[in-house]
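Enquirer: Sequence:
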Amino acid sequence: MAAALAAAILAACGTNHAEGPPPPDSTQAAGFVDTLEARTFHYFWDLTNTSNGLTPDRSPTRSFSSIAAVGFALTAYPIGAERGYITRAQAAARTLTTLQFFWTATQDSSASGATGYHGFFYHFLDMNTGKRYQTVELSTIDTALLLAGVLFCQSYFDNATDSSEAAIRRLADSIYRRTDWQWFSPRPPVVALGWHPETGTGFLPYDWRGYNEAMILYL
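Everything in the sequence shown is counted per this note's numbering, starting at 18 for the first residue and increasing by one.
It is worth saying that the hints were derived from the structure and are not from the lab. There may be inaccurate statements among the hints.
Ranges between beta-carbon positions, derived for each pair [claimed, not checked]: (1) Ser180 / Gly227: 41 to 51 Å; (2) Ala177 / Arg56: 33 to 43 Å; (3) Pro39 / Ala184: 24 to 34 Å; (4) Ser127 / Glu99: 23 to 33 Å; (5) Ser181 / Glu54: 31 to 41 Å; (6) Asp175 / Glu54: 31 to 41 Å; (7) Thr152 / Pro39: 52 to 62 Å; (8) Asp143 / Ala47: 38 to 48 Å; (9) Trp198 / Ala46: 33 to 43 Å; (10) Ala46 / His213: 24 to 34 Å.
Since the structure is predicted, the reported quantities are computational estimates derived from the model, not experimental observations. Glycine included, C-beta positions come from ideal geometry on N, C-alpha and C.
Work out the full structure, taking the sequences as your base and the hints as a guide.
Expert: This is how it looks when you write it as structure tokens:
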């Protein structure tokens, strides 16, 4: 009896390869991806401040800007142009506005009134003024995510005869090269997570180590 019961249990637990979820409908899946891509693009395009290129951290609640979100937006604009959501000229104009803001924004050690320091930028910025939001940290990882978008645009906008695209490439190179990574490495060779102007040396007592989102920072 026990042997028969054990056999029945094992049979019930066996894998029936003939059963399983139905294969996905490729047409339906493609439509979902297209919709997801378009709606993601329009988050960045529709909600970004057109006067300075700052993108909100979230929506629909009122939000400050996240510099990482700006980096994602800079990546989205060329994709939008390639997908036909906007023209290449529109993408270039928005990108140029964004890079001009980050290149000319105040960089100093003051606790308020600045956008960044030593080429890095504060994690969150006021959507309208572009200044540091409350007492957030100068952020290495979020600056890296912003720079990833900056460099993506530098590569994409490669028209040698277009003045706007040439300006994008120059500004992208300037913003990238201004970042002082040695300054942000108080415990070399690793890079600190952040810095505050209000406290002592200002550097947070933690560094980026291991396999995590900071891989893009070290790359």
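Enquirer: The structure should be examined with respect to each hint, and the outcome stated for every one.
Expert: A quick look at each hint next to the structure:
no. : hint                        : in the structure
1   : Ser180 / Gly227: 41 to 51 Å : 44 Å, holds
2   : Ala177 / Arg56: 33 to 43 Å  : 34 Å, holds
3   : Pro39 / Ala184: 24 to 34 Å  : 52 Å, violated
4   : Ser127 / Glu99: 23 to 33 Å  : 41 Å, violated
5   : Ser181 / Glu54: 31 to 41 Å  : 25 Å, violated
6   : Asp175 / Glu54: 31 to 41 Å  : 23 Å, violated
7   : Thr152 / Pro39: 52 to 62 Å  : 53 Å, holds
8   : Asp143 / Ala47: 38 to 48 Å  : 40 Å, holds
9   : Trp198 / Ala46: 33 to 43 Å  : 42 Å, holds
10  : Ala46 / His213: 24 to 34 Å  : 46 Å, violated
Hint violations for this structure: numbers 3, 4, 5, 6 and 10, all remaining hints satisfied.
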